[in-house]
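2 protein chains.
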Amino acid sequence: MKKPVDLTEKQYISQYNVHDFDVPLTTVDMAIFALIDQKLHVLLVQRNDHPFKGEWALPGGFIDLKKDKTINDTAHRKLLEKTGIHSPYLEQVQTIGQAKRDPRAWSVTILYFALIDYFTISSKGIVPSNEQAQWHTLEQAQNLSLAFDHQQLLNLATSRLRSKTRYTALPISLMPEYFTLTELQNSFEIILGYELDKKAFRRRILDAGIIKPTDMNKRSGKRDAQLFCINQLPLDFQFPRAI
Amino acid sequence: MKKPVDLTEKQYISQYNVHDFDVPLTTVDMAIFALIDQKLHVLLVQRNDHPFKGEWALPGGFIDLKKDKTINDTAHRKLLEKTGIHSPYLEQVQTIGQAKRDPRAWSVTILYFALIDYFTISSKGIVPSNEQAQWHTLEQAQNLSLAFDHQQLLNLATSRLRSKTRYTALPISLMPEYFTLTELQNSFEIILGYELDKKAFRRRILDAGIIKPTDMNKRSGKRDAQLFCINQLPLDFQFPRAI
DNA sequence: TAAATAGTGTCTTTTAGACAATATGGT
DNA sequence: ACCATATTGTCTAAAAGACACTATTTA
Numbered sequence: 001m002k003k004p005v006d007l008t009e010k011q012y013i014s015q016y017n018v019h020d021f022d023v024p025l026t027t028v029d030m031a032i033f034a035l036i037d038q039k040l041h042v043l044l045v046q047r048n049d050h051p052f053k054g055e056w057a058l059p060g061g062f063i064d065l066k067k068d069k070t071i072n073d074t075a076h077r078k079l080l081e082k083t084g085i086h087s088p089y090l091e092q093v094q095t096i097g098q099a100k101r102d103p104r105a106w107s108v109t110i111l112y113f114a115l116i117d118y119f120t121i122s123s124k125g126i127v128p129s130n131e132q133a134q135w136h137t138l139e140q141a142q143n144l145s146l147a148f149d150h151q152q153l154l155n156l157a158t159s160r161l162r163s164k165t166r167y168t169a170l171p172i173s174l175m176p177e178y179f180t181l182t183e184l185q186n187s188f189e190i191i192l193g194y195e196l197d198k199k200a201f202r203r204r205i206l207d208a209g210i211i212k213p214t215d216m217n218k219r220s221g222k223r224d225a226q227l228f229c230i231n232q233l234p235l236d237f238q239f240p241r242a243i
Numbered sequence: 001m002k003k004p005v006d007l008t009e010k011q012y013i014s015q016y017n018v019h020d021f022d023v024p025l026t027t028v029d030m031a032i033f034a035l036i037d038q039k040l041h042v043l044l045v046q047r048n049d050h051p052f053k054g055e056w057a058l059p060g061g062f063i064d065l066k067k068d069k070t071i072n073d074t075a076h077r078k079l080l081e082k083t084g085i086h087s088p089y090l091e092q093v094q095t096i097g098q099a100k101r102d103p104r105a106w107s108v109t110i111l112y113f114a115l116i117d118y119f120t121i122s123s124k125g126i127v128p129s130n131e132q133a134q135w136h137t138l139e140q141a142q143n144l145s146l147a148f149d150h151q152q153l154l155n156l157a158t159s160r161l162r163s164k165t166r167y168t169a170l171p172i173s174l175m176p177e178y179f180t181l182t183e184l185q186n187s188f189e190i191i192l193g194y195e196l197d198k199k200a201f202r203r204r205i206l207d208a209g210i211i212k213p214t215d216m217n218k219r220s221g222k223r224d225a226q227l228f229c230i231n232q233l234p235l236d237f238q239f240p241r242a243i
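Which chain is which? The protein sequence lines are A and D, in order.
Counting in the working numbering, the first sequence runs from 1 upward without gaps.
Counting in the working numbering, the second sequence runs from 1 upward without gaps.
FYI, nobody ran anything at the bench for these hints, they're computed from the structure.
Each hint can be trusted.
Remember, identical chains collapse to one label, so a pair may be satisfied in a single copy or spanning two.
The calculated DSS-like cross-link candidates involving lysine-lysine, where the alpha carbons are at most 30 Å apart (straight line), are:
#, residue 1, residue 2
1, K53, K10
2, K100, K10
3, K212, K199
4, K67, K100
5, K100, K69
6, K66, K53
7, K222, K199
8, K198, K212
9, K198, K218
10, K39, K53
11, K218, K199
12, K66, K100
13, K69, K10
14, K39, K198
Based on the sequences and whatever the hints tell you, model everything.
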C-alpha cells in the first residue's frame, strides 16, 4: 500500500485508486415531511432489494459520482426521484457512520430532512420510482420496524424539525402559496405537539416580517381570514427567543 | 452490476463487495480550538504526503474500518493522535461532499470541531505524529492557503463555535479545572470578538447553574476572585436567549 | 341574534443590557 | 489612602405568555 516517496503530485494522483483501500459505503438518506389531514407525515419506501428487502425505510441511496457534483445534489436528486418536487426546504441533519449499521459493510449515511407542501405534489402524484413510496403518519412510522437504523435517523430528523420550529419559521415551507395565520399556527402546533397562544404567535410572525399580507381573503364558513404569502426566502431566520 | 433476483439476504451479503462500486473517498477532518495567550488558536498540520504535500491543513484522515466502530471513534482517535487528549468537547459540524474537493477522487469529509484546555496538554506537549502539528492563531490560519477546501471548513467550524458560544456555555470546555468568572468571561469575549457586560454575564452563567463556586480564591495581584468549577456535564445546555 | 372563528389590547413575566455603586486586597 | 479589580444593585428594554376583549361572517 505504501507508495514510493519521490512522486510528483500529478504522478501520485494518476496512480491513486480508491479501490486499493478499505472504504466505507456512503449513502444519503432523507426524512421528507409533509402535513396531510392535519397530521405530520413522513415518506417511506418499501425496499425492493436486499438488504432489508420488503421493509420500510427512509428514501435514500448512493451518491452517483457521475451525476452528482455535490452531496446536496444527491439529496435533491433523491427528493426529485421520490416526490417529483424540485427544490423545497432541504437541510443536512447529521452524518452517522458505524461498522454495524449496514450488514454489507462499514457504512456512513448523511441524513437530510425536507419539508414540502403536500398539495403542490398531490396534484402531480408521487413520481414512480423503483420502490413503493408511501406517506405514513409520524406515529405509524415510529411504530413500524424500519430497515437499518432508520428508526434512529427518523428520530434525529424529527427532533431537528421540532427544535428548529421553536426558533425559526421553518414550517412556512409546508404551507401552500397563500395561507391564513390560523392555518400557519396550526402547522406549528401539529409539528410541536402543543398549542400556542394566538396573540403571541401572530405578533412574533408578523413583527419578523417573514410573511406579508395579500389583499385576498379566505372564506371558510365563519368569518373571513386574511391570506398571507411568504415575503422573503430566509426561512432559517432565527428569532431571538424560542417558543 | 445487476445481481440475480432470487438470492436470500445472506447470499446477497456474502457476495457483496464495496469495491464493485464507484464510491467516494470518506474522511474526517477536525478544527481543534484552544485559547493560548488570550487568543483563539487552531491546530494545523503540515502535510507529509500528496496531495497538497507540504501545505497546512486541518488534522484528519480516513476512517479506519478495523479500529473505529463509529465515526465518532474516528474523530476521537484523530484528536488523540494529534493532541494526546482523550475526550473533551467534540461535535460534528457538517459533512461536505464534492466531486472536486480532492484531486484524487469524489470526496466526502465529515467535519468536527473540538475545544480543549491548552494547559492540560501543554504540560504533556503535543504527541508526535507523522505530520508536523502546530498551533496557529485563527487569524494566521485564515491568512494561510490551506490544503483542499480546508479554508472553508475552518470558517464553518469557526462560525459554529461562535454561534454556539452565543446560546450555550461551550467555552467552559476551554477552561482549566478551576477558573474565575472574569477568566470565563474573557474566554467568551475572545471567541466572540466583542465585549460582554459583566453583570449580565455573571447573572446568566450563575443562574443557569452550570458552574459551582468553590471555597478557593485566586490571588492575582488585585482583589481576590472566587474560583469556580464545572457543575455538570451538559455544556450544550441552551439558554433561552442568545447574547 | 347566536355561534364560531378572526383578530386586538394590555398586563405580566422572563431575561438581557446599561451603568453606577460598593467591596476587597495589595501597594 | 489609592488603585485596580471583583462583585452587586437596580433601572430599562425586548420579546414571550396569559387572557380577556372586540370584529366579522354565516346560519
